[in-house]
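**Q** Here is how the chains run, residue by residue.
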Amino acid sequence: MIELRDIKKTYITGEFEFQALNGINLSIKPNDYIALMGSSGSGKSTLMNIIGALDVPTSGEYLLRSKPIHELDDNQISEFRNEEIGFVFQTFNLLPKLSALDNVALPLLYANNIEKEQRTKQAKEMMELVGLGDKLTNKPNELSGGQRQRVAIARALVNKPSLILADEPTGNLDSKTSASIMELFANLHNNGQTIILVTHEKEISEYAKKTIVLKDGIIIE
Amino acid sequence: MLKNAQIAFDSILANKFRAILTTLGIVFGVGAVISMLAIGNGAQQQILEQLKIVGVNNVIVKSVYEAKKGKSEEEGEPGQAKKFSPGLTLKDFTNIEKVTPEIEHISPEVGYETFAVSSTIRKKSKVIGVSSSYFKIFNIDLENGNYFYESHNDARKKVCLLGSKISKLLFPKSNPIGKTIRVGNLNLTVIGVIKKLSGVTENLQDMGINDYNNEVYVPIKTLLSRFKDRGRAKVSDDWSNDGDPENPNQLDKIVIQLTDKGDMLSTGTLLNKVMERRHNGVKDYSINIPEQTLKQQKETDDLFNWLLGAIASISLVVGGIGIMNIMLASVQERIKEIGLRRAVGAKKSDIKLQFILEASFISLFGGILGIILGISLSYAVEIFLEMPTKISLFSIFLSFIISVLTGIIFGYLPANKAAEQNPVNSLKYE
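Protein sequences appear in the order of chains A and B. Under this note's numbering, the residues of the first sequence are numbered 1 to 221, in order. Under this note's numbering, the residues of the second sequence are numbered 1 to 430, in order.
Please keep in mind that the hints were generated in silico from the structure rather than gathered at the bench. From a predicted model like this one, the values you see are computed outputs, not experimental measurements. Check the hints yourself; a few may be wrong.
When the alpha-carbon atoms are kept at most 25 angstroms apart in a straight line, the in silico PhoX-like pairs for lysine-lysine are as follows [said to hold, decoys possible]: (1) K348/B with K160/A; (2) K336/B with K139/A; (3) K139/A with K16/B; (4) K3/B with K139/A; (5) K67/A with K347/B; (6) K3/B with K97/A; (7) K124/A with K3/B; (8) K158/B with K126/B; (9) K116/A with K348/B; (10) K215/A with K8/A; (11) K347/B with K160/A; (12) K158/B with K97/A; (13) K29/A with K215/A; (14) K215/A with K428/B; (15) K347/B with K121/A; (16) K67/A with K348/B; (17) K97/A with K336/B.
Per label pair, the in silico range of CB-to-CB distance [what the hints assert, rightly or not]: (18) Q332/B with G171/A: 24 to 32 angstroms; (19) N190/A with N422/B: 32 to 40 angstroms; (20) N190/A with D10/B: 44 to 52 angstroms.
Beta carbons are placed, not taken as given, at the ideal position from N, Cα and C, and that holds for glycine.
Please model the complete structure; the sequences and the hints are all you need to start from.
**A** Right, here's the structure in full:
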């Protein structure tokens with residue numbers, strides 16, 4: 001489904017060049033559940049940003065179902081993110097002034113031509129899927145950390161994306177809550193969802209079916 | 001567009017207090033523009049009404065006298081004897097009537113401060129002697145009764161017209177027509193009442209226009225021969241008067257209305273020459289062209305209004321900068337939100353539109369509040385300062401457009417900044 005070919009990313013700050021990714025080749029198949037590991041500075045965040053199309057590689061090819069993503073313009077990339085990628089962040093990144101339901105419906109707002117009733121209906125379904133059917137109108141600050149992350153996961157799922165990108169989804173949660181969140185991911189995977197999990201915790205990575213370890217911008221295992 | 005409008009609207013609602021503070025600059029700016037324009041329009045309207053009152057094509061020769069005795073420095077070369085002038089007299093009137101071309105109507109005028117007495121009531125008033133053309137010159141309409149004619153004047157008939165106010169004061173309940181009033185030792189029969197007239201200000205009176213409402217109009221020959229004639233000195237005249245001396249001229253004014261072909265300026269010059277010769281070069285008269293004066297005043301007013309408007313507009317610009325400032329701060333504060341919106345699929349144009357709409361809504365809201373403020377201010381000025389104001393629809397429309405434009409223009413920079421944020425950095429921003 002996703003093909004990365006010789007992806008390189010170089011950051012230039014002043015006179016210094018930093019090679020964050022140094023030739024990544026990676027193939028992600030439908031219903032893969034991959035843990036992306038590596039220490040800080042290994043390039044795992046950069047790789048995740050490139051897969052999520054938040055960042056563009058300096059060189060290399062990124063194909064989604066044979067479609068070259070690296071050739072798209074900014075508007076097309078925005079659409080791509082909207083339709084194909086669901087992000088889950090360590091800090092949840094919910095909009096504090098919106099209700100949980102509106103947060104979940106947010107990606108649908110930027111999708112083309114979805115009526116408000118339809119948006120609400122889809123968002124409600126996702127809230128029920130993550131077990132928060134009774135918290136629709138709550139604001140994020142009225143929810144616990146685990147509940148907030150569930151809202152974020154519902155938001156990532158609402159557009160039925162090809163790929164869920166979860167960047168340290170349990171980083172801000174206690175171990176018990178972490179386990180329940182990881183269970184939720186496992187369920188999603190069992191229902192056919194493709195997931196990439198970025199983590200530096202060994203035990204979290206064990207939930208995934210496959211582990212990729214990065215070091216100094218290359219895949220070492 | 002619609003969804004971005006919704007987003008923008010929601011985010012303003014989320015920060016109501018800040019939005020209101022942000023909008024204050026626009027509120028005061030628009031309020032100032034509207035009220036300034038209303039005051040300017042009011043002043044203009046007033047001048048237009050006054051132009052109607054002073055009549056078209058009028059030239060007024062007014063007698064001038066020294067209000068206080070003693071030497072004024074403008075009196076001429078020291079040691080030079082003051083030449084004799086008889087002052088403004090009926091002879092001047094006859095002469096002017098003879099030599100001036102294109103006269104439509106002409107009337108002499110003299111007035112005395114006195115008391116008017118009806119059977120039971122005594123009121124301070126001014127009795128004014130004029131010829132019958134006077135009413136045509138100033139388009140004076142009657143509420144009741146008839147004008148007097150030249151036949152009344154020539155026969156020195158004891159008749160009068162009352163101003164509407166003095167008429168009500170003297171005859172609060174009854175119809176004054178046919179009744180007799182006493183002015184000094186003169187009994188006058190009321191034959192007409194002048195229609196109430198508003199808008200005669202002090203300014204107009206300086207130009208030689210009377211406040212018709214409180215005056216008693218009498219044929220001038222009746223007045224001069226039966227009441228008092230300053231042209232004839234009497235032994236009984238009080239010479240010991242220490243107060244302001246009375247106008248020593250026989251006449252107060254000569255009011256001339258020219259035909260459509262007449263030129264007020266050249267007539268003014270001609271009259272100046274005629275009067276200079278007749279008065280031996282003594283400047284005891286002045287020649288006024290009220291229409292001209294008012295038009296000049298209107299031009300000055302116009303300029304002044306534009307200036308006021310311009311100053312008020314500056315406050316709009318300041319208001320706009322205020323919006324830009326807050327929007328820039330808000331972009332910085334919401335950088336994470338912007339990153340997230342981009343991550344879930346918002347295009348740059350969506351973000352840009354959201355922020356521009358936000359700024360526009362704020363300034364539009366400010367504009368509407370400003371319009372309300374401006375209208376209230378205009379009414380306040382009219383009520384408390386007694387200055388005429390006139391709110392034009394145009395100024396409201398203009399303020400509306402300007403406030404929206406202000407939002408768009410000053411919202412553009414922050415919106416652009418928001419749209420150009422790198423999503424990766426935005427999401428990492430703490």
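**Q** If a hint holds in the structure, say so; if it doesn't, say that too.
**A** Cross-check of the supplied hints:
no.: 1; hint: K348/B with K160/A; in the structure: holds, 23 angstroms
no.: 2; hint: K336/B with K139/A; in the structure: holds, 17 angstroms
no.: 3; hint: K139/A with K16/B; in the structure: holds, 18 angstroms
no.: 4; hint: K3/B with K139/A; in the structure: holds, 21 angstroms
no.: 5; hint: K67/A with K347/B; in the structure: holds, 20 angstroms
no.: 6; hint: K3/B with K97/A; in the structure: holds, 17 angstroms
no.: 7; hint: K124/A with K3/B; in the structure: holds, 19 angstroms
no.: 8; hint: K158/B with K126/B; in the structure: holds, 16 angstroms
no.: 9; hint: K116/A with K348/B; in the structure: holds, 22 angstroms
no.: 10; hint: K215/A with K8/A; in the structure: holds, 14 angstroms
no.: 11; hint: K347/B with K160/A; in the structure: holds, 19 angstroms
no.: 12; hint: K158/B with K97/A; in the structure: violated, 87 angstroms
no.: 13; hint: K29/A with K215/A; in the structure: holds, 23 angstroms
no.: 14; hint: K215/A with K428/B; in the structure: holds, 21 angstroms
no.: 15; hint: K347/B with K121/A; in the structure: holds, 24 angstroms
no.: 16; hint: K67/A with K348/B; in the structure: holds, 22 angstroms
no.: 17; hint: K97/A with K336/B; in the structure: holds, 13 angstroms
no.: 18; hint: Q332/B with G171/A: 24 to 32 angstroms; in the structure: holds, 25 angstroms
no.: 19; hint: N190/A with N422/B: 32 to 40 angstroms; in the structure: holds, 36 angstroms
no.: 20; hint: N190/A with D10/B: 44 to 52 angstroms; in the structure: violated, 37 angstroms
Against the hints set out earlier in the document, violations occur for numbers 12 and 20.
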